[in-house]
Every structure is written in C-alpha cells, then in structure tokens.
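Protein sequence lines, in the order shown, are assigned to chains A and B.
Letter by letter, the first sequence follows residues 0 to 557 in numbering that gives the first Met the number 0.
Letter by letter, the second sequence follows residues 0 to 345 in numbering that gives the first Met the number 0.
FYI, nobody ran anything at the bench for these hints, they're computed from the structure.
Just so we're clear, the structure is a prediction, and the values are computed from it rather than from any experiment.
There's no promise every hint is true.
Simulated crosslink set (DSSO-like; lysine-lysine; CA at most 27 Å straight-line) [stated by the list, open to error]:
1. A/Lys216 <-> A/Lys302
2. B/Lys106 <-> A/Lys422
3. A/Lys115 <-> A/Lys87
4. A/Lys113 <-> A/Lys87
5. A/Lys526 <-> A/Lys87
6. A/Lys359 <-> A/Lys492
7. A/Lys424 <-> B/Lys43
8. A/Lys113 <-> A/Lys162
9. B/Lys231 <-> A/Lys424
10. A/Lys87 <-> A/Lys557
11. A/Lys508 <-> A/Lys359
12. A/Lys441 <-> B/Lys202
13. A/Lys276 <-> A/Lys263
14. A/Lys162 <-> A/Lys188
15. B/Lys202 <-> A/Lys422
16. A/Lys276 <-> A/Lys302
17. A/Lys129 <-> A/Lys216
18. B/Lys202 <-> A/Lys443
Which chain B residues stay away from chain A? Per the calculated CB distances, all over 10 Å, these [unchecked claim]:
19. Phe53
20. Ala59
21. Arg75
22. Arg105
23. Ser113
24. Leu150
25. Leu175
26. Glu230
27. Glu232
28. Glu235
29. Ala239
30. Val318
31. Asp333
Glycine is no exception: its CB is placed at the ideal position from the N, C-alpha and C atoms.
Next come the chains, spelled out residue by residue.
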Amino acid sequence: MPSSLRALLCLSCACAAMGGLAACGGEDDSDGSAATGWTAASDDGANSGGTIKTAYTSFPDYLDPALSYTQEGWQSLWTVYTPLLTFKHSEGATVVPGLAEDMPDISADGRTYKLKLRSGLRYSDGSAVKASDFEHAIKRVLNLESGGAPHYAGIVGAEQYIKDGRARADIPGIVANDATGDITIRLTKPDGRFPYILTMVFASLVPSNTPFQNMTKEPPPGVGPYKFDNVRINRGYDLVRVREFDVADQPAGRLDTIKVEVVKNRRRQTQDTIRNKIDYMSDPPAPDQLRDIRAQYTGERYKEFVTNSTYYYFLNHDVVPFNSPEVRQAVNVAVDKRALARLFGGLLETGCNFLPPGMKGYEKIDPCPWGGPTAAPDVERARALIRQAGVEGDSVTVFGNDEPEPRAAAEYLSDVLNEIGLKAKPRIIEASVYFTTIGNQKTKAQAGFANWFQDFPHPGNFFFLVDSETIQPTNNANFGNVNVPELQAIFEKANANADIDEVADDYAKADRVLVDGAHVVPYGHRKLTVFYSNRMNFEDCTVWHPVYALDFTKLCLK
Amino acid sequence: MSIADPSVQPDLSPVLGDRGRAEAAAAAGIGAWAPAVRRLRRNKAALIFGALFFVLVALALAAPLWAQLADTTPARNHLSDTIVVDGRPEQVVTLDGVPISPTWQRKFFLGADSNGRDVAVRLLYGARNSLLIGITASIITVLLAVLLGTLAGYFRGWTDAIISRSLEVMWAFPALLLGVALGVSLALGGLRIGPLEIEGGSKWIPTLIIGVVYVVYLARPIRGRVLSLREKEFVEAARAQGAGPLRIMFSELLPNLASTILVFFPLLVANAILLEAALSFLGAGVQPPEPSWGTMLAEGVVLLSTAPHLTIVPGLMLVLTVLALNVFGDGVRDALDPRAKVRLEH
Chain A
0 MPSSLRALLC LSCACAAMGG LAACGGEDDS DGSAATGWTA ASDDGANSGG
50 TIKTAYTSFP DYLDPALSYT QEGWQSLWTV YTPLLTFKHS EGATVVPGLA
100 EDMPDISADG RTYKLKLRSG LRYSDGSAVK ASDFEHAIKR VLNLESGGAP
150 HYAGIVGAEQ YIKDGRARAD IPGIVANDAT GDITIRLTKP DGRFPYILTM
200 VFASLVPSNT PFQNMTKEPP PGVGPYKFDN VRINRGYDLV RVREFDVADQ
250 PAGRLDTIKV EVVKNRRRQT QDTIRNKIDY MSDPPAPDQL RDIRAQYTGE
300 RYKEFVTNST YYYFLNHDVV PFNSPEVRQA VNVAVDKRAL ARLFGGLLET
350 GCNFLPPGMK GYEKIDPCPW GGPTAAPDVE RARALIRQAG VEGDSVTVFG
400 NDEPEPRAAA EYLSDVLNEI GLKAKPRIIE ASVYFTTIGN QKTKAQAGFA
450 NWFQDFPHPG NFFFLVDSET IQPTNNANFG NVNVPELQAI FEKANANADI
500 DEVADDYAKA DRVLVDGAHV VPYGHRKLTV FYSNRMNFED CTVWHPVYAL
550 DFTKLCLK
Chain B
0 MSIADPSVQP DLSPVLGDRG RAEAAAAAGI GAWAPAVRRL RRNKAALIFG
50 ALFFVLVALA LAAPLWAQLA DTTPARNHLS DTIVVDGRPE QVVTLDGVPI
100 SPTWQRKFFL GADSNGRDVA VRLLYGARNS LLIGITASII TVLLAVLLGT
150 LAGYFRGWTD AIISRSLEVM WAFPALLLGV ALGVSLALGG LRIGPLEIEG
200 GSKWIPTLII GVVYVVYLAR PIRGRVLSLR EKEFVEAARA QGAGPLRIMF
250 SELLPNLAST ILVFFPLLVA NAILLEAALS FLGAGVQPPE PSWGTMLAEG
300 VVLLSTAPHL TIVPGLMLVL TVLALNVFGD GVRDALDPRA KVRLEH
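Given these sequences and hints, build the entire structure.
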C-alpha cells in the first residue's frame with residue numbers, strides 16, 4: 000500500500016459481545032460525551048451494543064471496495080465486505096476461507112485456483128450472493144483502473160479486458176457457476192502471492208448490478224458484520240451492525256454503531272479523546288502531546304504496535320554517485336538509526352532488515368553489517384569509502400515529501416551525505432505527488448525517503464520494491480532501480496510457490512542479500528498507536544490485525 | 000495595501016522641484032535634506048527602532064561567527080548527540096523526539112529543533128535569508144514600480160491605460176494569495192522565461208515573487224505623483240529647453256520621486272519579510288535546508304506545547320523586525336513630509 004501519514008491507520012471502537020447478542024444503541028448524549036448506548040454482557044464477559052465515535056484526520060480515499068487503497072478505507076471496508084478468502088480476526092495473519100467454503104484447490108502447475116461459494120449467503124440488502132458476483136467485482140477493479148488492478152492482471156484475459164475497455168466483456172480466466180457456486184480462476188503464470196491477493200478488499204464480492212463507477216457516495220451492499228450508512232463525503236459516515244450477518248468462522252460486530260467523523264486537527268482529536276468526547280483516534284497523538292499520553296495512559300487507554308511496514312532510503316543504482324557500491328556502503332555506514340528513531344518521535348522500531356518483524360521470512364540480521372540500531376555511525380569509514388569511490392564533492396539531491404517525518408528524514412540524509420563528503424541538498428515535494436515523481440525515471444531521483452505498508456502479509460509484497468521486473472519508466476516502485484541477479488534468482492523461485500512456509504528461508508536469504516549488498520538503506524518499521532476514551536474496554540477488546548490494524552469487529556465498551 | 004489618501008502625497012517641491020529647492024536651501028546655508036534629518040532626529044521612537052533594525056542586521060551578518068562559536072552549521076543535525084548543561088549530560092533530542100530547550104550557553108543557546116539543529120544558529124542564518132529576500136525584493140519592487148508608474152504617468156493615453164489596467168488586474172488579487180499561488184507553482188519547478196532560468200529551490204524565486212507582487216502598491220502612487228509633477232513649471236521649463244521624455248524622466252521626475260520611495264521603502268521591506276515568512280511557512284518560499292523564520296515556525300508548530308521555543312523565538316524575531324521597520328518607516332515619512340498620511344494597508 001502506498002503509504003504516507005495520511006494513509007496510516009484509522010480505527011474505531013466497538014463493544015464486545017458474543018455474535019448474535021442484541022443490544023440497544025443510542026445517540027450522542029447531551030453532555031457531549033462520545034457515545035452512549037445500552038450494553039449487554041455476553042458469555043465471555045465482553046459487552047455488546049452501544050455507539051461510539053471515532054475520528055479520522057481525513058476522509059478515506061474511497062468507500063468502494065474496488066477503489067480504496069488506503070488503510071483508513073480498508074479498515075472500514077473489511078467490516079462491510081468479505082472476499083472469498085480473508086484473514087482470521089486475530090492478531091496473526093492467518094488466511095482463512097471468507098465467503099468460500101474452503102481454501103482454494105490449487106492445480107499442480109500453480110495456475111488454476113478452484114473455490115466454492117458458501118451457500119445461502121445474502122448481502123446486507125437481502126439479495127442473494129452469486130458466484131458470478133466475484134467476476135463482476137474483479138471487472139470493476141480492472142475497468143475502474145483501480146490502484147489494485149495490477150494485482151489481478153495475472154488472471155488469464157485480464158490484460159486484454161483492460162485493453163478492450165468494455166465493462167461487460169468476459170474475463171476468460173474467471174469461470175463462475177451460479178448454480179453450483181463453483182469459481183475457477185486461471186492465471187497466466189504461477190504466483191505464490193495469489194491466495195493473499197484474493198484476501199484483498201478489492202476482491203470483495205458485490206452484487207452484479209453494481210455500476211462501473213465510484214460508489215463512495217452510496218456504497219454497494221456487502222456481506223459483512225457492518226454496513227455503511229449516512230455517508231457524508233469528507234465529513235464522516237456510520238458503520239451500522241448487520242444483525243443478520245452469519246458466516247461460519249467470521250465474527251459478528253459487537254457495537255451497534257461506529258460513527259466515523261473527520262477531525263482534521265490531530266491536537267483536537269487528542270484533546271477530545273482525553274476528554275472522552277471521541278472514543279478512538281486513529282492517528283498517533285500529536286507529537287507535542289505524545290509524551291504525556293505515553294506517561295499517563297499506556298496500558299490503560301494507549302498502546303503502540305509495530306506495523307508490517309518498512310522505512311528506508313532508496314539509492315538509485317543507475318545514477319551517479321550511487322551506481323558505485325562503495326558509495327552505497329558509505330551511506331549505510333553513516334546513517335545513524337538512533338537519530339532516525341528520534342525523528343519519528345520514538346514511533347519507529349529501528350533495525351537493519353528490509354522485511355518487518357511480523358513477516359514470514361523475517362530473520363533478524365544481527366549483527367547488522369553496516370551498523371546496528373543502537374550503534375554510533377562510522378563516519379570516518381564512510382568518508383574513506385567516498386574517497387575510495389572518487390566521488391568527493393559530487394552533487395546529490397535527496398528527495399522527501401512535505402509530511403513532517405519524510406521531510407525531516409530527507410533533511411537528515413542530506414546532512415549525512417554532506418558530512419561524508421558529498422554535496423547534498425534536500426528537495427521536498429508535495430506528498431500527494433511524491434511517489435509518482437520519484438517513480439518517474441525522467442526525474443532521475445538519486446536518493447530519498449521511501450516507505451511501504453503491506454498490502455497483504457507476504458514477503459513478496461515487500462520485495463517487489465527491489466525486484467528488477469517491476470522497474471518501469473513511470474509509476475516505478477523500485478525507486479532505486481535495484482537489479483541484483485542473485486536477488487532475482489531467489490524471487491523467481493520463491494514468488495511462484497504458494498506455500499509461504501516452504502519459501503520463508505528463501506525470503507530471509509533475499510533480505511540478507513539486500514542488506515549485505517547495501518542496495519538500500521533500511522532503518523526501521525513504523526509503530527502505530529491505539530488511543531481510547533475511558534469508556535472503551537481496552538484490555539479485552541483490542542485486537543491489532545497486521546493488515547487492517549485495529550479490528551473494528553472486536554471493539555467493545557466497558 | 001493601499002494609499003489611505005492618494006490625493007495627499009509627500010510633496011517636497013511645490014514649485015521648483017527638489018533641485019530648485021536644494022539650490023534655495025543651499026543659498027540659505029542648509030542642505031535639502033537637513034530639515035528632514037532634523038525632524039527624524041527628534042523622533043526618539045523612530046531612532047530606537049531604527050537602531051534595533053540595524054542591530055538585527057548586524058546579528059544576521061554575524062551568523063557565521065556564532066555558528067563557529069557553537070561549533071555547528073545551520074543544517075547540521077545533532078539528533079543523537081549529548082551535551083552537558085549545568086554539569087549534567089542532556090540529550091539534544093530525547094528518544095521521544097522532544098528537542099532540548101534553551102541552554103543559555105554557547106551550544107544550543109536557544110535550544111534545538113526536532114532535527115537536533117541549533118536554533119540560535121538557524122535563527123541568525125534565517126535572519127540573513129529574510130532580510131536579504133526582503134530588501135532585494137523591495138528593490139525589485141521599487142525599480143519596477145518606478146518604471147511602470149513613471150511611464151504611465153508621464154505618457155498617459157494608451158500607455159497609461161495598458162499599464163494601469165494590468166496593475167488593476169494584479170490589484171484584484173490579495174498579495175498573500177497571489178504570492179502563495181506563484182510560490183507553490185514556481186518554488187520547486189523553477190522559472191524559465193526566455194533566457195532567464197532560475198532553478199527550483201533558489202532563493203531568487205521567492206525574491207522575484209515578492210518583488211512582483213508588491214509592484215502595484217507602489218506603482219499606483221508613483222503614477223499619481225508623476226501625473227502631478229509633469230504639469231509643474233520646472234518640467235515645462237525643461238521641455239521648453241528641448242529636453243526629451245527620457246531626460247525629463249531621469250533628470251526632473253526621478254529626483255522628485257525620491258521622497259515617495261523613501262517613505263515606502265521601509266514599509267515595503269517589512270511587508271516583504273512578512274510575505275517571505277508566510278510563503279516559507281507554507282513551503283513555497285525558502286527551501287530546506289536553508290533556514291528561514293517562516294520554515295522555523297512551520298517546523299515548530301507541531302511541537303508547540305513541548306518545545307514552545309521553536310515557535311516563540313522565530314516569531315519574536317519576526318515581530319521585532321517588522322515592528323522596527325514600521326516604526327522607523329513612519330518616522331521617515333513624518334520627517335520627509337509631516338503632512339502626508341501614507342500608509343500601507345492589507
């Protein structure tokens with residue numbers, strides 16, 4: 000997921016209960032407290048029912064499963080729509096059947112996936128779910144040129160479908176039988192990541208009559224524990240519990256209503272949460288309030304979680320001076336991870352792995368070849384490497400965007416490069432066009448800030464950032480044009496295998512090759528926060544999901 | 000910004016012009032500017048704030064010396080450094096990202112920012128940038144305004160119509176809005192007009208933007224003054240002697256515009272510094288790692304309650320500088336023409 004602070008998390012709160020237990024909700028009370036509502040105790044002691052108020056800094060990009068590509072959007076969409084495969088509602092990232100009866104039956108060549116739709120499923124508007132709705136959902140993703148479209152381009156006929164531009168045309172690689180519920184998907188080549196791609200919200204089933212247009216104003220019905228209501232673009236929306244939702248192994252919601260409101264000012268969000276006017280704030284508290292929040296509320300209302308993300312500096316292998324291995328090594332040696340941790344206000348788990356700790360294939364690289372997270376940088380060695388490469392005084396432009404942390408990180412790297420003998424200056428670009436700018440080969444971006452939050456918990460979803468096959472003239476995600484034959488050999492083998500456990504060691508090896516070769520400068524993994532009002536049941540109802548962050552279905556009031 | 004009463008202009012040469020008056024004053028044993036200087040010296044407030052402004056300029060010039068003393072540069076990050084304050088070691092930036100407060104000692108005299116940079120050093124270098132841009136932009140404004148105002152006022156007719164209507168179009172946009180719009184579009188991409196090419200991120204971009212944005216506010220009163228001057232007897236006399244338009248403009252009109260320009264100049268500089276700070280605050284002015292009071296304010300806002308010095312210090316400098324220029328400018332105006340009621344308004 001292309002990430003920026005705007006695309007971090009949005010969470011909300013809900014109250015706990017056993018699925019199916021009803022409770023009475025209510026509106027905001029007159030004294031301005033965040034939410035009201037009767038709650039009923041469930042068998043496990045968690046309460047059910049009630050209404051809470053949550054705050055997002057900005058409105059999600061879309062409330063349409065075919066289009067949304069931010070975590071704010073996904074967090075709500077995951078409660079409204081369920082794909083054929085999904086994740087278990089727990090702190091792990093276990094893929095489980097969603098609307099499919101079972102996990103897919105994968106052919107020996109890894110190109111054909113067979114699934115069967117559960118019987119008797121109904122959308123939140125009461126209409127029946129059909130197997131062909133899956134093909135319609137994928138068509139919408141492709142036809143609307145969604146950011147998720149490239150994930151499904153490997154389906155046979157998908158590229159032709161995009162090229163033809165005819166919305167109602169058939170995708171030959173998807174065969175659905177409404178009578179039996181059988182769905183067969185054929186791929187052009189084996190892709191071990193495909194089961195995870197099927198878990199993405201893009202692949203959520205929507206009725207076949209859903210128009211080929213952005214449906215954010217009036218989101219289509221889905222199969223999930225909640226449904227959208229009262230959508231007010233750029234202002235907020237409600238998630239209302241669907242009492243009829245009953246899918247085996249999928250939890251029902253606990254809260255009756257989750258009111259999501261846009262509160263642009265983080266400082267105000269924090270104050271309102273402290274005063275219990277907001278029950279949950281999705282973004283980390285404002286930097287100047289963080290220290291107090293940590294001191295006062297940790298363990299009771301506040302918690303930090305390490306996300307499956309990676310923060311790194313890219314160094315363009317195709318442009319001087321970073322086409323020299325010595326220069327890349329010098330940068331790795333000179334960057335002080337202790338300094339970067341401070342730049343992120345302590346909300347960064349520093350390390351030298353490219354893969355995040357929560358990812359399959361992660362093996363902590365210790366000792367770090369170019370300096371550990373707690374070690375001081377070896378500036379003298381870096382200077383010597385720069386001299387050795389003969390690039391002393393070379394000009395470098397360090398790219399960053401205008402969000403506070405990327406900007407500070409770019410300015411920091413620029414200072415480091417100046418210290419080791421290069422002549423660097425930062426270039427700060429507006430965040431909304433940052434990645435497209437540095438991803439355009441004409442920009443010839445030499446070095447800069449980059450980060451990535453996972454789309455799905457598969458190492459391939461990180462390594463595509465350094466995969467030479469993804470290098471392209473525009474919208475290039477391999478910002479450093481990393482092209483290392485040893486890595487490519489590993490990716491070719493590992494990416495084709497659907498059994499992630501079998502190839503975890505290969506990905507761990509790729510991580511080591513990437514770090515040992517100083518091809519990028521990884522420095523940490525972002526921490527995000529949960530901050531509640533004192534009405535929320537922090538202890539029993541806080542489940543941090545590695546993909547969707549705070550699990551709305553588990554939230555409950557005290 | 001506008002002239003509160005455009006009909007009342009500083010007028011030091013009712014009949015003879017400055018040259019004629021200078022000759023008369025010389026005959027009387029005093030210089031043409033002597034009365035003005037005398038009036039200015041009597042205005043204690045203007046002198047104090049004038050002196051304050053020159054102190055600020057001196058501090059800005061001394062920035063490299065202070066940086067040397069503090070053993071750093073304005074862009075140097077000291078994120079993981081530790082310094083000794085009152086005998087105790089203190090982190091320049093704590094693990095949760097809070098920078099050190101003013102130490103009142105050589106290093107980090109006014110504290111550090113969130114990148115661990117010395118605020119005092121950045122403040123002084125920021126002053127250099129703010130003053131440099133403010134003064135240079137004001138000079139550009141004066142040059143353009145004098146050129147356009149004189150042409151429009153002297154030639155009148157279609158020349159006046161074209162210039163005045165063009166200026167009115169600019170007048171329709173609030174200065175800040177126009178500045179921000181131009182700044183956002185040019186600050187990073189740079190400017191390329193024929194042979195003139197300015198790289199994105201250059202300080203010339205905000206300088207030119209500010210210089211152009213304020214032209215209209217000076218060109219209009221200059222045009223009005225020239226319209227009045229061109230009918231005076233000394234201009235008629237020059238014309239009768241066979242002087243051409245260029246000669247009349249340079250020899251007769253320009254000297255008589257000096258008082259108007261002098262009255263406006265300090266106020267223009269103050270406004271230019273404010274606009275530069277606003278542009279930099281919004282990311283459309285001075286680009287990192289160059290410090291500016293505007294960028295320092297923007298960086299400090301996010302840590303307003305835990306590190307208030309990050310906003311107070313540059314904010315205070317901005318207030319002091321603009322106040323000094325405004326009070327001094329008012330003093331100059333009073334000295335040059337006590338009857339004039341010229342003021343800049345937004």
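Outcome of the hint check:
Straight-line distance between C-alpha atoms of A/Lys216 and A/Lys302 comes to about 33 Å, which puts the hinted pair past the 27 Å bound. Proximity of B/Lys106 to A/Lys422 is assessed by CA-CA distance (about 25 Å); at most 27 Å being required, the pair is judged to hold. This hinted pair checks out: A/Lys115 and A/Lys87 have alpha carbons roughly 19 Å apart, not beyond 27 Å. With a CA separation close to 21 Å, the supplied pair A/Lys113 and A/Lys87 stays within the 27 Å bound.
As the CA atoms of A/Lys526 and A/Lys87 are separated by approximately 22 Å, the hinted pair is consistent with the 27 Å bound. Taking the CA atoms of A/Lys359 and A/Lys492, the gap is near 16 Å; set against the 27 Å cutoff, the hint holds. Only pairs whose Cα atoms come within 27 Å are accepted, and A/Lys424 paired with B/Lys43 is rejected, the gap being roughly 45 Å. A threshold of 27 Å between alpha carbons decides the hint, and for A/Lys113 with A/Lys162 the separation of about 26 Å falls inside it, so the pair holds.
Between B/Lys231 and A/Lys424 the alpha-carbon distance is near 56 Å, which puts this suggested pair outside the 27 Å criterion. As the CA atoms of A/Lys87 and A/Lys557 are separated by approximately 24 Å, the hinted pair is consistent with the 27 Å bound. With a CA separation close to 12 Å, the supplied pair A/Lys508 and A/Lys359 stays within the 27 Å bound. Among the hinted pairs, A/Lys441 with B/Lys202 is consistent with the structure: their alpha-carbon atoms are about 25 Å apart, no more than 27 Å.
About 15 Å separates the Cα atoms of A/Lys276 and A/Lys263, which keeps this hinted pair within 27 Å; it holds. Straight-line distance between C-alpha atoms of A/Lys162 and A/Lys188 comes to about 19 Å, which keeps the hinted pair within the 27 Å bound. Restraint check for B/Lys202 and A/Lys422: the C-alpha separation of about 18 Å stays at or below 27 Å, so the hint holds. About 19 Å separates the Cα atoms of A/Lys276 and A/Lys302, which keeps this hinted pair within 27 Å; it holds.
For the hint linking A/Lys129 to A/Lys216, the alpha-carbon distance of about 24 Å falls within 27 Å, and the restraint holds. About 23 Å separates the Cα atoms of B/Lys202 and A/Lys443, which keeps this hinted pair within 27 Å; it holds. Distance check for B/Phe53 against chain A: the nearest CB is about 32 Å away, which clears 10 Å, and the non-interface claim stands. With a minimum CB-CB distance of about 22 Å to chain A, B/Ala59 clears the 10 Å threshold, and the non-interface call stands.
Remark: the non-interface label on B/Arg75 conflicts with the geometry, its nearest Cβ contact in chain A lying 6 Å away (cut-off 10 Å). Non-interface call for B/Arg105 relative to chain A: holds, since the shortest CB-CB distance, roughly 21 Å, exceeds 10 Å. Some Cβ of chain A comes within 10 Å of the Cβ of B/Ser113; the nearest lies about 6 Å off, and the non-interface call is violated. The non-interface label for B/Leu150 is consistent with chain A: the shortest C-beta to C-beta separation is roughly 39 Å, beyond 10 Å.
Every beta carbon of chain A lies more than 10 Å from that of B/Leu175, the smallest distance being close to 19 Å; the non-interface claim holds. Distance to chain A confirms B/Glu230 as a non-interface residue, since its nearest Cβ pair spans about 53 Å, more than 10 Å. The beta carbon of B/Glu232 sits about 58 Å from the closest Cβ of chain A, which is more than 10 Å, so the claim that it is off the interface holds. With a closest Cβ-Cβ approach of about 58 Å to chain A, B/Glu235 is found to remain outside the 10 Å limit, as its non-interface label requires.
For B/Ala239, the shortest C-beta to C-beta distance to chain A comes to about 60 Å, beyond the 10 Å cut-off, and the non-interface label holds. At the 10 Å boundary, the C-beta of B/Val318 stays outside the reach of chain A, the nearest C-beta of that chain being 22 Å off. No Cβ of chain A approaches the Cβ of B/Asp333 within 10 Å, the least distance being about 44 Å, so the stated non-interface status holds.
Of the numbered hints listed earlier, those contradicted by the structure are 1, 7, 9, 21 and 23.
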